[in-house]
Structures are given as C-alpha cells and as structure tokens.
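Trainee: Given chain X, put chain S in place with the hints provided.
Chains X and S supply the protein sequences, listed in that same order.
To convert, note that position 42 of the first sequence is 42 in my numbering; the numbers rise steadily by one, no gaps.
To convert, note that position 5 of the second sequence is 5 in my numbering; the numbers rise steadily by one, no gaps.
Worth flagging that the hints you see were computed from the coordinates, not collected in a lab.
Glycine is no exception: its CB is placed at the ideal position from the N, C-alpha and C atoms.
Accuracy of the hints is not assured; some may be wrong.
Derived, one-sided and incomplete: chain X residues facing chain S with beta-carbon distance under 8 Å [unchecked claim]:
(1) L44
(2) Q101
(3) R108
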Amino acid sequence: SQTIHQWPATLVQPVGSPLSLECTVEGTSNPNLYWYRQAAGRGLQLLFYSVGIGQISSEVPQNLSASRPQDRQFILSSKKLLLSDSGFYLCAWSVQGLEPQHFGDGTRLSIL
Amino acid sequence: AQSVTQLGSHVSVSEGALVLLRCNYSSSVPPYLFWYVQYPNQGLQLLLKYTSAATLVKGINGFEAEFKKSETSFHLTKPSAHMSDAAEYFCAVISAGNQFYFGTGTSLTVIP
Chain X
1 SQTIHQWPAT LVQPVGSPLS LECTVEGTSN PNLYWYRQAA GRGLQLLFYS
51 VGIGQISSEV PQNLSASRPQ DRQFILSSKK LLLSDSGFYL CAWSVQGLEP
101 QHFGDGTRLS IL
Chain S
1 AQSVTQLGSH VSVSEGALVL LRCNYSSSVP PYLFWYVQYP NQGLQLLLKY
51 TSAATLVKGI NGFEAEFKKS ETSFHLTKPS AHMSDAAEYF CAVISAGNQF
101 YFGTGTSLTV IP
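Extracted from the complex, chain X is given alone in its bound form (with noise of 0.2 Å):
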C-alpha cells in the first residue's frame, strides 16, 4: 500500500533563518505531489505541484521554494524566513488522472 512520510511534525525557526521540510511517498510510482499552507483557522493553499523529477509548478509567488529531486521525493525550502511563513504545511500525492489527493501528517511551522 502506498504511505507518504512527512517531517518534522514540529518546527520552531527564527526569522531570517533556512527551512526545509521533505516529503516522501512510497508504494507508488511517478505520483503528483503537492505542497499546501494552512493558515491558523483557514483553508488550504496551494503552494507548489509537481508532475515529475524537476518539473514544479508555482501557485502564488513567496518565499519559499520547492524541488524534485527524485521521483518520490518532495522538498520545500526558505533561505531566510518571514513571520507569515508560519503555519500548517501539507505534503499530499495523487495517482495521475481523476483521483484523490493523500496527505501526510503536516509539519507545524513557527516562526520567532
């Protein structure tokens, strides 16, 4: 069965400071993979998607970043964070086609 791997579950950064949070999928082949934010209380925005290694898809212009470096394999990196980059980021796959999304556990994100 395919299970998708998402960490830290828990981030506390300073402003200013790096970020970069991964997300794995196992069980399936050349998925479509997703970034979300989820703001305190709010929906989801879509941050970033990928329809294969290094193929990335930017929703809404930021500061944050994401890459595919491998088939499974999806990165999502700051090289300095704002306050507003706090909040509740979701990695999520999909089987190519007219299917559900699948989301990981989330990492909450604090910024200091």
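Mentor: Only chain S this time, still in chain X's reference frame:
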C-alpha cells in the same frame, strides 16, 4: 473554472443529532467530488468520493453524501453525530484538467 462552496464555516450539532455539511460546486462538466476530514494537527483524510457512479456515496465513519446534479450539490450527512466527529471538513472537486479545488472548510462542533 471549477470551484466548490461550503456554506457555513462553523456548524454545531448535539451528540446524536443529524450532521449536515453543505457543499455546492460549479462545473460545466460532470465533476469528481470528494469530502475530506481533518482532525486537529493532522493531515486531511479522505472520507468519500463521487466518481459518476452511484449518486449516493457511502464513506468511512458512517458518513455519506448525495450528488444532486439539479442542485449542483454534494452535501455530507451522518444520521447521528458522535463526539469523535468534531473536526474540520473539506469538500473538493477535480476538474477534467486534473486540477484540485478545495472548499474553505467547515468546522464541526459536537455538543455533549
């Protein structure tokens, strides 16, 4: 463009009462629709999906949803609320272009 609208950002029901969470979609073609549940500090979990087969879809945890084309609705129901149903619920639609669109979410409170 496809979208979903969730009416009511907060819904409160008594334990044992009917749960009704509303979702309307806008689509020019028959959509694929989904309901997700999110417990605090967790990722989203797929509750059920509609993929143009039966209009009444049964999901996990006793939830079901009915696709009504004439009303462009896909409301989520459960006959008897349980305390463990307290969570955030998201409706989602996927377009023919494989774009996922999430609603803004409905927070369900169950009153003992």
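Trainee: In ascending order, which of the hints set out earlier in this document are inconsistent with the structure?
Mentor: none
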